[in-house]
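J.: Chain by chain, the residues run as shown.
2 protein chains.
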Amino acid sequence: MGKKFVYDFSEGSRDMKALLGGKGANLAEMTNLGIPVPGGFTITTEACIAYGVAGKQFPEGLAEEVADHLAALEEKAGKKLGQADNPLLVSVRSGAKFSMPGMMDTVLNLGLNDESVQGLAAQTGDERFAFDAYRRFIQMFGKVVMEVDGQLFEDAISAEREKADVSFDNELSAEDLKELVGTFKQILEREAGRSFPDDPREQLDMAIAAVFGSWDAPRAVTYRRHYNISDDLGTAVNVVMMVFGNMGDDSGTGVAFTRNPSTGEKEIFGDYLVNAQGEDVVAGIRKTKKLAEMKDDLPQACEKLIQVMHTLEQHYREMQDIEFTIEKGQLYMLQTRDGKRTAAAAVKIAVDMFGEGLISKEEAVARVDAGQLDQLLHPMLDPAKEYDVVTTGLNASPGAAVGKVVFDADTAAARGKSGESVILVRWETSPDDIHGLIQAQGVLTSHGGMTSHAAVVARGMGKPAVCGADQIRISEEDRRFTVGEHTISEGDIITIDGTTGNVILGAVELVPPQINENFQSIVEWADQIRTMGVRTNADTPEDAEKAREFGAEGIGLCRTEHMFMTPGRLPIVREMIMASGTRERSAALENLLPMQQGDFEGIFETMQGLPVTIRLLDPPLHEFLPDYTELMVEIERLKLTGGSEADIAEREAVAARVRSLKEMNPMLGTRGCRLGIQWPEIYEMQVRAIMQAAAAVQKKTGAAPQVEIMIPLVGYAEELRRMRGLTVRVCEEVLAGAGTAIDYKVGTMIELPRAAVTAGHISDYADFFSFGTNDLTQTTLGFSRDDAEGKFLTYYLDEGIVQSNPFETIDVNGVGKLVEMAVDASREKNPGIKLGVCGEHGGEPDSVKFCHRAGLNYVSCSPYRVPLARLAAAQAVLEEKRMVFTTA
Amino acid sequence: MGKKFVYDFSEGSRDMKALLGGKGANLAEMTNLGIPVPGGFTITTEACIAYGVAGKQFPEGLAEEVADHLAALEEKAGKKLGQADNPLLVSVRSGAKFSMPGMMDTVLNLGLNDESVQGLAAQTGDERFAFDAYRRFIQMFGKVVMEVDGQLFEDAISAEREKADVSFDNELSAEDLKELVGTFKQILEREAGRSFPDDPREQLDMAIAAVFGSWDAPRAVTYRRHYNISDDLGTAVNVVMMVFGNMGDDSGTGVAFTRNPSTGEKEIFGDYLVNAQGEDVVAGIRKTKKLAEMKDDLPQACEKLIQVMHTLEQHYREMQDIEFTIEKGQLYMLQTRDGKRTAAAAVKIAVDMFGEGLISKEEAVARVDAGQLDQLLHPMLDPAKEYDVVTTGLNASPGAAVGKVVFDADTAAARGKSGESVILVRWETSPDDIHGLIQAQGVLTSHGGMTSHAAVVARGMGKPAVCGADQIRISEEDRRFTVGEHTISEGDIITIDGTTGNVILGAVELVPPQINENFQSIVEWADQIRTMGVRTNADTPEDAEKAREFGAEGIGLCRTEHMFMTPGRLPIVREMIMASGTRERSAALENLLPMQQGDFEGIFETMQGLPVTIRLLDPPLHEFLPDYTELMVEIERLKLTGGSEADIAEREAVAARVRSLKEMNPMLGTRGCRLGIQWPEIYEMQVRAIMQAAAAVQKKTGAAPQVEIMIPLVGYAEELRRMRGLTVRVCEEVLAGAGTAIDYKVGTMIELPRAAVTAGHISDYADFFSFGTNDLTQTTLGFSRDDAEGKFLTYYLDEGIVQSNPFETIDVNGVGKLVEMAVDASREKNPGIKLGVCGEHGGEPDSVKFCHRAGLNYVSCSPYRVPLARLAAAQAVLEEKRMVFTTA
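As they're listed, the protein sequences go chains A and B. Just so we're aligned, residue 1 is where the first sequence starts under our numbering, counting upward by one. Just so we're aligned, residue 1 is where the second sequence starts under our numbering, counting upward by one.
Chain A on its own, in the form it takes in the complex (with noise of 0.2 Å):
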């Protein structure tokens, strides 16, 4: 005896997922808890991998199994497939353990052919009906079980169509249908080189075996592959009678939710359709009812069907989605599976399943999709409403903005500061801007990527950006822009949604951040659970204010490039970067010094004891000074038209600097700690601000702030050995002069592929490491972000090369594989180090995951994704007990 291959409905469970598929598992689990299923069996994934071992034959004992529940079905219906007068119809449907695309989905109505036709008309009543259905099958057994052009038959429909005079398909007679039955016979037999086949038991065949066939379509295999899902696991094939909602005023067909999908309420939720089939509901042909009316057109049925969701919800003990038909008054469930749902529904639905003793607080905090958390901390645009995009950009920062056009920064701030809305639009944004977008509701460039300005100071606000929108033109001149066909001019509204990208004409209405009760209950019970801290990246005390709220429980990472570029202090700090020598240089880093001073007790001050980890400067000192091209434009223009001497002079001196601090490849130049190396006076001061404001705000409040200092882009232990020296030097000559004690730590940046291999030397002189994974991900696969997002990362995703945005999901293989080293490497040599990420995958949840598996102490990501990453992080809690449940 070989295996068992085929199992009726009665036979399975919801637990056999692997061998019936998530269709047949669950119709099998409904049919077992004596819910109104339609009869039915399922063949198994073993037996589709069996076909595929046997170079595609059915294996042995597969056809008789099949027989025998034939028989079996055709006897508990009453009917026989293909019978003249009474026919038996079934429709064949895939079912894999993963829904998957491009294999073989449905065929309906099998069991057809010239004499059962007439049985079902006869049936029916409806001679149209039944040819309709009859011309159907052959069609869609035609295109997927044998093969054909699918065009073929459309063209042949269309020459019907002509021939009667028609416009549409309904309007094809009974006649006309017949017609077009035996044209697709036709078809068939020239194109495949066989005729239809008539014999019921025949199609049944084929189309289980076109079924097993499609688990190795290309399409499935490449989706699988970048899944990976592994091949061995195989399609199982449901066999379920057909019942029909279009069999008179007592029948009908719907699909339902049992709690709503989009706001959690528990209610009845669904449309329906009286006598109608199944997709007439879906393809919108005719307008559907609410499932609430159900009950005055049947009663009965309904009563019955809010009976089962109940049951089902109770059973599964989850938001059930659902498809039934009545066929004349009796009640049928075709599927039952897990709904969808907004992350408001499905935050309410949670926190309501555990209120009514559902489900435990873990289960609760497990159903909340981390990732859709993020819609909920931003405005957003009202998801009832309709707009129409005129153009999509890069989704640069999330959330939604509605405001009037202005093209520069004076006049965002003055429209700003007076109360108006305004969308600040700028080929790209500079330091110099920066007044203007503080009071810019949102901001939409032409140009830049994920990394432009506009885009991070706009994450680091919490403020909508649309970037590198390169449809729009922008003619600053002539304030106004235009796309397309459309032009706007400054004071013209319009709304960006910097979730999607999308760039709308018009105001369209936001709706507020959902922070409610539930949500909060979901956190909490989410900081219950985890292991892993969660920080926040904060450069301000506004943005540490805010992560406070958002229960971050310390700063990963802030930034001080960010607090140069103010317009009151980019003057210094260009002089700064101009000074020929030490001397000059000092000079001005003594002006930032209280600057610098100021801005760190505001945050340790926020912070109140909180751990804050402060990055030194790291970008290239080139990003604060002019850009070269307009500079050397604006020469050739001063030479033509009469400039002065001087001026041409001046611009030019800068211009030579600006070409002097030029790099080809600024990401990889003189950046990071080969600053703070070269011109130890930067650091210095920075550090020295950082000790003084500590000693500042001790003495203010009584307390002590935990101080970590971060050195940027360390590559070589040697590095961090120097600017440690450094950092350690002027604390304790701060803490000395100050007469205090303060405790802080020094540590690194590990965001070179070169830090995580040698990270076991570096951590010699660190205490902690903070993983910077934006710039890891970057240098480990040799993508730079500016120049991959919008251009070959885009194509390479559309194409399925990569499985999703490194940047925004961590690359597990590759960049994951490096931190894991580190991990390992720093942790042997010094147990002590405390280990983080600071890179933008601290907030998005399989990263954060990742972050879990691979030991960190914590995460740390921009405000508004603290609480993703609190929930992501006790979802990586429970995930791991279950593995290890799984496999003890």
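Simulated from the structure, these hints should not be mistaken for laboratory data. On a predicted model such as this, the values are computed, not experimentally measured, just so you know. For each residue, glycine too, the CB sits at the ideal point set by N, CA and C. Just so you know, not all the hints are guaranteed correct.
[To be verified] Now the stretches of chain A that chain B is said to cover, found in silico as 3 or more residues with beta-carbon under 8 Å:
1) 623-634
2) 673-682
3) 714-726
4) 788-795
For this one, chain A is given, so just place chain B on it according to the hints.
T.: What follows is chain B alone, placed relative to chain A:
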């Protein structure tokens, strides 16, 4: 009983370098050979370590052992340390296993005090000499042993000179010097807080302690950390009886080599002085005499010396560098060590010594410094000539060149063709300059790094280049450049030395490459030993031909992009890039196809069946386009000077395309296989050209080329899977069309950290890997070569943060680790995979040795470095065998 801490010279041997230091071991070896060496003893490195462990105290027993050995020495010498009438004087010298900067070197004349100085005066009959020796001893002792600021002594000497009204130290009289002795003692007492020790034994103990202490001097510690030398080695201390070469005309002193260190000739070579001290020879105060003349001046000592030199060379089986002193006719050897020599000498000596039966072939191969060999392969400045260097740029391509300065490629091409020698001087070169580069003797640029256009092209052509000489100011308009106070006009002659980066005004005589029979012997012996293959990086038949002459066994990297940059093709390449769609692009590619095919036919024919690895197009497309800033300035000029609308529009279109292709970090942008994946027609054309060329050559010569097609910049296995698919498809099409069969391999560069980390996966689709260690270094270290060399990397090298330029010598701990990971993972999954290196490291000896240890199958380097790689590969085998031997 403790350890034995002191060894008389008669107790040691040259095998005891670890215990006695290099100097002490060789003094002992000479003593035991019966060669005259002044009496003395060595205090062991273990004593030094014990001194540190004991908290800077002499370990138990050391003082007694020193006393015993001193007594023995006094007895042998018939003098006593510090004795008033016949004093023994000694020198105290450090001597570690490795010589090391920062450690105390020497104290001479130890044993002098107010009494014994009189004895010395009596012995020498020269009171002035005695007091000069005495004040020198106090000065040296004060500075290095008692750590008094040396400037104070210099100031005192100046004061004494003024007082005596003389200009030079040697004009000071015995009386002046006596006074100075007094002054020095006062300085000592004031600064060190104790008086000068009159007791000679105290002097000795203090000097020994000072040598011990200098082992832990900061500079020595830093040096050891950088060169990975253990802190546990310690330094030995040699106490040697002073002998004097200035005791009359039967005395003298000198240095010598056992063979000519410049040519390698077996001849007497050295300098000496009659009646002089060792320092007089070195300081160049008196004109030295050639050693050949010594047999007239000091016939007996000379005969003895020649005999000793012969004995030493026979004994050490290596050319020796010696120091000697003759005191009253008696020869004393003060030092012997292996002598440094030029590359030419190294080769000749190694081959000669094999011929003399002194050493084996393996030893001969091991004796030649592979790194030095490069000197012999290019014309170079005559080392005998003197010249003034006006500025120094990057040594971008080795060898020297002399020629007339020209400032544009057209002039260079015209003058070059007419037989003039010209040096092309440019701010930077571009593809438009190729015809000028071809005709020029060398190139000098004021901008651009080691991978700038000029540098890469010049290295490819084996032509000298000095790049990034940023002190020179070029005025193309005025046809001249300035550097410092010099102005060089077109037609003026300069000399550039690409080996050092030096620029010299006027012509300096060059010596031709020194490839002779000895050179051939060494590399042929190396071939018998090495196990790793040596290929070349060659883009043209000429390069390939040159490399074959140098012994290349195939082409490891044939870059196709340089083929795109010749003046005839660049317009077509620009058409391809500017193409608005696939059709236009394909048309341009059609035009390139026959040109590329011609290129490959030439190379295949030259390589006569040896493997040829061809890399498909790699660089970012914008490299082929005009400079953006220049374009924008030109547009501004046209606008302001009434240029035609059409001209402006045309340039604006070009500018728009350049802007859209411009990248923030081109190194990490759309290049390598990212081009081939997005625009497959480019790679299809190239593969077609390769296989059509292979088929044509097969037809013509009857033998098929060994074709290896290499896909650049793979980071994901999926990229290679697709590009391999494309390659195989096109190859099969071509072969089917040609009706022939040719084997070909498809592989990839491993040049991204992700590729190294996921090499196991990638190896599924690769017949070979070639490690592109140039780019792998850039991404692993986060060093853009263009932005690092001459900037922060130069600073890092100067400061000792990195030990060697990672673009020259592979970074073993970082990049090397990734290479090793990739080798392991790929060999495990794909044991037949062929592994090589094609970065510039393939031509650097230490890196070649690393490649051997890592288990690579071959290295590939520029044609001129092939002999060097052959030699280094053999030395790697020898080093490995020795390691096995010593650890067994």
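J.: Compare the structure with each hint and give your call.
T.: Against the structure, the hints come out as follows:
As drawn, the region 623-634 of chain A meets chain B at 4 residues by the rule of a beta-carbon pair under 8 Å; at three or more, the given contact holds. Beta-carbon proximity to chain B at under 8 Å applies to 3 residues in the region 673-682 of chain A; the threshold of 3 is reached and the given coverage holds. A count of 5 residues in the region 714-726 of chain A with a Cβ less than 8 Å from any Cβ of chain B is obtained; the coverage claim is therefore met, three being the minimum. With 4 residues carrying a beta carbon less than 8 Å from a beta carbon of chain B, the region 788-795 of chain A meets the three-residue requirement, and the given coverage holds.
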